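2 protein chains.
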Amino acid sequence: MSERDLAASAGPSGADSATGVSDAAMYSLAVDAMGGDGAPGIVVDGLAIAAERHPAARILLIGDEARLAPLLARSKAARSICTIRHAPTAITNEMKGTAALRQRDSSMRLAMDAVARHEAQGVVSAGNSGALLALAKIVIKTMPGIDRPALAAISPSACGDVVMLDLGANVACDSRNLVEFAVMGEAFARVVLGLPAPTIGLLNVGSEQMKGDDRIRQAADVLRASALASQFHGFVEGHDITAGTTDVVVTDGFTGNVALKTGEGALKLAGSLMKQVFNANVMSRLGYVLARPGLDRMREWLDPRRYNGAVLVGLNGVVVKSHGGTDAEGFAHAVDVAMDMVTHNFNERIRIGVAQLGNALASTRPVAAAPDTNPAVPGDAADRTTNRLATTG
Amino acid sequence: MSERDLAASAGPSGADSATGVSDAAMYSLAVDAMGGDGAPGIVVDGLAIAAERHPAARILLIGDEARLAPLLARSKAARSICTIRHAPTAITNEMKGTAALRQRDSSMRLAMDAVARHEAQGVVSAGNSGALLALAKIVIKTMPGIDRPALAAISPSACGDVVMLDLGANVACDSRNLVEFAVMGEAFARVVLGLPAPTIGLLNVGSEQMKGDDRIRQAADVLRASALASQFHGFVEGHDITAGTTDVVVTDGFTGNVALKTGEGALKLAGSLMKQVFNANVMSRLGYVLARPGLDRMREWLDPRRYNGAVLVGLNGVVVKSHGGTDAEGFAHAVDVAMDMVTHNFNERIRIGVAQLGNALASTRPVAAAPDTNPAVPGDAADRTTNRLATTG
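Quick note, the sequences are listed as chains A and B, same order.
Residue numbers for the first sequence follow full-length UniProt numbering, beginning at 1 and rising by one.
Residue numbers for the second sequence follow full-length UniProt numbering, beginning at 1 and rising by one.
There could be a bad hint or two in this list.
Pairs involving identical chains hold if they fit within one copy or between any two copies, as the list cannot separate such chains.
What the hints assert, rightly or not - Pairs of lysine to any residue, SDA-like flavour, derived with a Cα cap of 20 Å:
id: 1; residue 1: K96; residue 2: E65
id: 2; residue 1: K96; residue 2: Q209
id: 3; residue 1: K141; residue 2: Q103
id: 4; residue 1: K96; residue 2: M283
id: 5; residue 1: K141; residue 2: M283
It is worth saying that the hints were derived from the structure and are not from the lab.
These figures come from a predicted structure and were not determined experimentally.
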């Protein structure tokens, strides 16, 4: 139904409290229907899948009503959770953050506005990452006590999933930012991975205390003296990410972005080598057939759609970025992530974490990094976060 | 034979010029016999293998003569290329760089001294990486025109081997350092990979020109205006390393170290998943047997020993770090790398590259990074560079 129909009807009194979703906002999520390669078709199909998993969700679907109405008409499931809000324009993939800010009637902007006005608790978009970051900072704004939002995502490891941040929202970070990322990553791991006391590692070039630069050593000192001390493992190295040494891996946006893409690249290389091996001759092809059930299971673990949904943490609302090239199943997963965060009061957990850390942070004079003249995220940094591979857990 | 025996004999008139090794130095390489987990046994066994491949090499084998003499007595091959020089002490793995500098009679120090005195053209050591970097900087010294040495190694990609640097010698780098790394990496790729005009990429969070920080954008500007312009591809991302987008990947020591270890970790994860798949049941084990020839070939490509030998580039001599835990075959590979660099006048190529770049560099006011208070390399950074996996080429 469209908003006009909704106004004519009794209208929902707020989301179902049985789901844990707050009644304060009318909608659980505002979804940018026009972002991503297959929008709006993929978005609506994704919401149809999400409707099965979150029947009590209330989705404000924002985009070109003329295109959305017929799509919803064809999908009873999507229709059951969605309300259309018309947006006359959309942000293109090529648009810079500054241009996106000027376009006040885009579907992405109206989705952000809905969160800023407390109509919805979160945003999901598969659109332009740079625009999403710029709009989120300006419209939804950073949470009190948090200096900068960070991009976080789940990544596979030999010991189960690992939360990694920042993946590109901040090219340069000071020691205070790193500490805040640790607090936000810890809250993320509790909510999305369901861990009672996630362990935290600070990414460095060695595990000894004297390794790294002043910035990273000061962040470690603050964490060792903080309320998170018992969960702080200390420094971890690149190979610790996939080894699952800690549940949360904290780093600056430059290093995190490079590490994420390097890990993905290495897994892709391993996959292409395996393919060559199995295609080499009749015997190896037969070998493939025999091992196929396990190989298929491995491919499922490694399905990037299972890792779709990078989260911009540290804002006054939940902002989830779906990969622009994902399909309906992948988009549904990004909706899952957003619903998880909304349902489990992710931001409230961060607020508690920041408050507990208050004194430790107040006594810190941050070791500065170079000014963040150009965030890494525009383009495809957030997209990249979703090409992840699962593990056996 | 020991040096005393050598003095009593006619002595070599210098290395064989047929190998291209300069006659200026009496020895091709000074080898630290006491560095690494299996030293000195592994070192001598490795030199026995190297002797088959480099029969004209002259190796100054430095370490505890009482232990080395019986080892050489048992190996005709190693004996044929080695001359022992006694060193009363050795650098331990736990020793800090500053302590290593004070120990003037260690095998590693005497090996460096031999290069500084032009007795040998290069050093190979499987010992303490931090000590090796500290000693190399102080004893062998940085090449004129180069601000800082960098750690470089070969890494696998879908399009053949790739040179990556810095892998941890400098936690923080300014724009000038990055440009110098590009020059040195290019020379490395010519010599070790035998490429006539290697392409160069600067590691960044995106490939567009406005991505990254000032430091990295200025380095790109300098390279675009330099003698290397035609080989400079621009920015590359983490996944481009294993995709083989460029032959050389340039980055700071922090990012390079993390990227290297993350890639290794991801390949290790893929390997352990494959192992689980093949061990799942009788059918999959039979599948493994059928595909085994190809899988074995893949394992050979992926053999870290094939990638052993990280090079400290930018010094007045060749310095090669072998993995501390490698075996004789791996150590022989590190000797191969060092012989390649000595034979093909690696440092002369860097000198030419720096001279060609002179004007471009002179006009650069480097965009500074934080002071390099604590290099990344101590401990195992260089060691890590050797856990690399090969590709199908």
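Which of the stated hints cannot be reconciled with the structure, identified by number in ascending sequence?
1, 4 and 5
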